[in-house]
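4 protein chains.
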Amino acid sequence: METHILLISCADEKGLISKISTSIFAFNLNIIVMREFVDPETDSFFMRCELFGEPDKPALVADLKQKLPKQARITLNQKQKKNLVVLATKEYHCLSDLLTRFHFDEINANILAVISNHEFLKPYVEKFEVPFHFISHEGKSKETFENQLTEQVTSYSPDFMVLAKFMRILSPQFVSLFENKIINIHHSFLPAFVGANPYKQAFQRGVKLIGATAHFVNNNLDEGPIISQKVLNVDHTFAVKTMVQAGHEVERAVLVEALNLVLEDRVFVTGNKTIVFA
Amino acid sequence: METHILLISCADEKGLISKISTSIFAFNLNIIVMREFVDPETDSFFMRCELFGEPDKPALVADLKQKLPKQARITLNQKQKKNLVVLATKEYHCLSDLLTRFHFDEINANILAVISNHEFLKPYVEKFEVPFHFISHEGKSKETFENQLTEQVTSYSPDFMVLAKFMRILSPQFVSLFENKIINIHHSFLPAFVGANPYKQAFQRGVKLIGATAHFVNNNLDEGPIISQKVLNVDHTFAVKTMVQAGHEVERAVLVEALNLVLEDRVFVTGNKTIVFA
Amino acid sequence: METHILLISCADEKGLISKISTSIFAFNLNIIVMREFVDPETDSFFMRCELFGEPDKPALVADLKQKLPKQARITLNQKQKKNLVVLATKEYHCLSDLLTRFHFDEINANILAVISNHEFLKPYVEKFEVPFHFISHEGKSKETFENQLTEQVTSYSPDFMVLAKFMRILSPQFVSLFENKIINIHHSFLPAFVGANPYKQAFQRGVKLIGATAHFVNNNLDEGPIISQKVLNVDHTFAVKTMVQAGHEVERAVLVEALNLVLEDRVFVTGNKTIVFA
Amino acid sequence: METHILLISCADEKGLISKISTSIFAFNLNIIVMREFVDPETDSFFMRCELFGEPDKPALVADLKQKLPKQARITLNQKQKKNLVVLATKEYHCLSDLLTRFHFDEINANILAVISNHEFLKPYVEKFEVPFHFISHEGKSKETFENQLTEQVTSYSPDFMVLAKFMRILSPQFVSLFENKIINIHHSFLPAFVGANPYKQAFQRGVKLIGATAHFVNNNLDEGPIISQKVLNVDHTFAVKTMVQAGHEVERAVLVEALNLVLEDRVFVTGNKTIVFA
Chain A
4 METHILLISC ADEKGLISKI STSIFAFNLN IIVMREFVDP ETDSFFMRCE LFGEPDKPAL
64 VADLKQKLPK QARITLNQKQ KKNLVVLATK EYHCLSDLLT RFHFDEINAN ILAVISNHEF
124 LKPYVEKFEV PFHFISHEGK SKETFENQLT EQVTSYSPDF MVLAKFMRIL SPQFVSLFEN
184 KIINIHHSFL PAFVGANPYK QAFQRGVKLI GATAHFVNNN LDEGPIISQK VLNVDHTFAV
244 KTMVQAGHEV ERAVLVEALN LVLEDRVFVT GNKTIVFA
Chain B
4 METHILLISC ADEKGLISKI STSIFAFNLN IIVMREFVDP ETDSFFMRCE LFGEPDKPAL
64 VADLKQKLPK QARITLNQKQ KKNLVVLATK EYHCLSDLLT RFHFDEINAN ILAVISNHEF
124 LKPYVEKFEV PFHFISHEGK SKETFENQLT EQVTSYSPDF MVLAKFMRIL SPQFVSLFEN
184 KIINIHHSFL PAFVGANPYK QAFQRGVKLI GATAHFVNNN LDEGPIISQK VLNVDHTFAV
244 KTMVQAGHEV ERAVLVEALN LVLEDRVFVT GNKTIVFA
Chain C
4 METHILLISC ADEKGLISKI STSIFAFNLN IIVMREFVDP ETDSFFMRCE LFGEPDKPAL
64 VADLKQKLPK QARITLNQKQ KKNLVVLATK EYHCLSDLLT RFHFDEINAN ILAVISNHEF
124 LKPYVEKFEV PFHFISHEGK SKETFENQLT EQVTSYSPDF MVLAKFMRIL SPQFVSLFEN
184 KIINIHHSFL PAFVGANPYK QAFQRGVKLI GATAHFVNNN LDEGPIISQK VLNVDHTFAV
244 KTMVQAGHEV ERAVLVEALN LVLEDRVFVT GNKTIVFA
Chain D
4 METHILLISC ADEKGLISKI STSIFAFNLN IIVMREFVDP ETDSFFMRCE LFGEPDKPAL
64 VADLKQKLPK QARITLNQKQ KKNLVVLATK EYHCLSDLLT RFHFDEINAN ILAVISNHEF
124 LKPYVEKFEV PFHFISHEGK SKETFENQLT EQVTSYSPDF MVLAKFMRIL SPQFVSLFEN
184 KIINIHHSFL PAFVGANPYK QAFQRGVKLI GATAHFVNNN LDEGPIISQK VLNVDHTFAV
244 KTMVQAGHEV ERAVLVEALN LVLEDRVFVT GNKTIVFA
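Protein chains in written order, with my numbering: chain A, 4 to 281; chain B, 4 to 281; chain C, 4 to 281; chain D, 4 to 281.
Looking at chain A on its own, in the form it has when it is part of the complex:
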């Protein structure tokens, strides 16, 4: 017997939990944990269930579809590892954390490949027997570069793409191919210090906390739905360089936190926000 994850989002109406849980019970499944939320702004209902048993998946989904409001989104999948492709540039600190966890089977994912626009990280990645693809952005148009990226990424059919400090801005065309499938770390406590050199901006402003934000990428740079944010204390003794170093710790931590949530299907995207059943 396996654990399955049931995800539902639909318009809210009275009796939804009763309908859903009764359907689950009728299919002889046990609810291990159920979390739900009604968004009062959009009058929408969101639910995540972990189910134990041997579901007749098509029949259960069909039964739910019939009972729930029209246009309900229902997914039912076995709890299993997701497949990731990681994009990086030259910074190693987020990538190394993912590769190490993957190597020791501590993350609920397979890292299928690493793609970078520099060759610097190749020897490190190959220590972990993970394919490394070098796709330079130089001497070609952004469109060509992104077409090459798309081809390489799609060849792996990943569930999610992780930008582990990928320092190229992606076009709306590219992003739209992977809607809510690209996870980025912005090295600031968004929405403070959007754009380039956030640590330099933070230094110049004299803030006493710096942060990092893991978010889904959408068409507006640094403005996608936020999954997780963390901060750490800094003071007047921090130069830009030491802020960058300190920031690595919080970038690493926020990425793995966000990724663990996404990999366990705990994150719904609604509009420009997330609902996180932590």
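Heads up, some of the hints might be wrong.
Straight line, CA to CA, 27 Å or less: simulated BS3-like cross-link-like pairs of lysine-lysine [unchecked claim]:
#1 C:Lys84 - B:Lys244
#2 C:Lys130 - B:Lys93
#3 A:Lys84 - A:Lys184
#4 C:Lys70 - D:Lys22
#5 D:Lys73 - C:Lys22
Don't read these hints as lab results, they were simulated from the structure.
This one's a predicted model, so the numbers in the text were calculated from it and none came from an experiment.
Put chains B, C and D on the given structure of chain A with help from the hints.
Below, chains B, C and D alone, put in the same frame as chain A:
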């Protein structure tokens, strides 16, 4: 229409959520939020629901009682202010925080009275038009003292008693009268530094974090079910005295956090632990 | 014998610590604690010393002035309570915290008066036997309002003015009268969400942390030197209203932290930043 | 020109800072940063200075020795990488973090070798071209095992030995060979849950925070001077196993924090405590 809180704990079995939510739906109530937990150690089920509508309370409870496992504990109450009696000695910092929040209606409770074994806090308490009762522990047996306490406390029929730095050890006899109804703050990160002078113990051990713990009181001093814990950083520059002062901040914060959870019926006690639907 | 605080800022040069500490030693004073910082951006030296003994203050300052670079700023004062005037509007949570600490002598300051543009907080303030002055902003020009404020504030000759949720924007003219003497709490993690309704902005952006910032006020609203910042976790269940309530806790905490630093002369302002010898 | 670290500890007396800084100035060195502390319990003085210039080291130390109280401990060394030997058993999470930082030159140390009483981590360690020594504890006396350890460790003459989850209890004989040179991570917020299975103890007690402690090892297990402590929130949904997993994050974080402090000579040991000039 009002919000009600439904609390259920019972032996676990398949279909509980279906039975409960279907019963709620049949009574024409809307589930605002539902949280549940199955404790794998005891195979027990715990649920907290906020319901919107006009329930026929006795009928709903009877219906649930009939459908749920025997010895299920079911309570259904309107979401409303709880009544508190606060016991203090001489330290003001937790008491003042409660009185100020009560005064400005920021806490979901009525503070019916303050009882102290010293007169020091009387003028302060009376600023807030809250009755202050001085019951000295001096020149009398512990039994007499506790009988006088019991009489005074029970005259107010409070839902909970808060030990806001009440520096007398209560006997098992007294505690048993108010099972899971007494909330204490221990000024350490339990189970470190149980007993007297925890800040002195912390200083001597050279710890780098100090903490505070809000817990229900049971017969074993400092060993009741923990509701909430918080810590703060200290370093070698902290003397015992400055640890005590710094500790006030975290004691205050942990008490109000725990109390808000208890006042909103978010805390179940099971054995010597709590389940907190935060 | 008393403790004195010596504060020095000047251009950096080799041998400053030697000159200063030798001068202190020659005056037969004991250094309890010394902290210094050289700002590499401006090549400036900052020092805070706590001295124990009975200094001939004018002679020590004269001796230091002669030895240190020209235009060195030197202050030497007995460690003692500072005088505060608090400005508030209708929100009580920061003000009540200050008044309670003042009442129980837990803050290193005298609160000489509270000034508000509303009468709402009057009964509460007067419980603490602190003068309350109501100065309405209605039916008069900003200039007239600020002149009345200035008159009332200066009648108390405070060391610092605390804006404990004072919801009026002060003009550059007013601010310039009290340079680096006005401490404000902005209810966001600056520089995110400057301006009005930061919690609403935070809600709309779907952030996972909200914060508060204590800063000195300068001519550009919300852009003065930051003293202290704190954050707390929020999630999708927080409405604007619950964010505001949760924010009260962090606003209170950040104000008292910043104020304690300022009251102990631990904060230097340099340009638009602070140096904090915590 | 190089940066040097000057460390001094001695009996306290008036004028120490003047004497030391004047001596430094006479040797034409610039103080980049100076931190000092007087421990009121032992009347001892501790100082750490970063000095810039080209010191005549023996002459400066001799000059200081002559001016400071007898038995003053003075060290003056160029700021440079320390040498580490890491002991591990089977858990990878602390070791991998150290190796990755070493590989990318992010930690101020050389990892000379890894020694383990199991072979499990060998392939991983060798990816980083770091020598791996397998010394089994099985089938031999503790004395023999520790003699073999000692021989292997001392062959590298490391500055510090890091127990990165080394799950064997070391004898007082072994520890005394490396006084204040062995850094351990205990997987609890000491002094809570000393001894074996701290996460199981934490689970059974129902705590709401778990922690980790980095400390120097002395003769009493888990009782050496604490360098750093960190905690994270847990709740009723955490089983022992998930506490262990969550604990890995905080163990990793606390070790690297403590190690960075030690590697920059920021930690003095005095009695059973540390003074940390962070």
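So, going through the hints one by one against the coordinates:
no.: 1; hint: C:Lys84 - B:Lys244; in the structure: holds (19 Å)
no.: 2; hint: C:Lys130 - B:Lys93; in the structure: holds (20 Å)
no.: 3; hint: A:Lys84 - A:Lys184; in the structure: holds (15 Å)
no.: 4; hint: C:Lys70 - D:Lys22; in the structure: holds (17 Å)
no.: 5; hint: D:Lys73 - C:Lys22; in the structure: holds (25 Å)
In terms of the numbered hints stated before, the structure departs from none.
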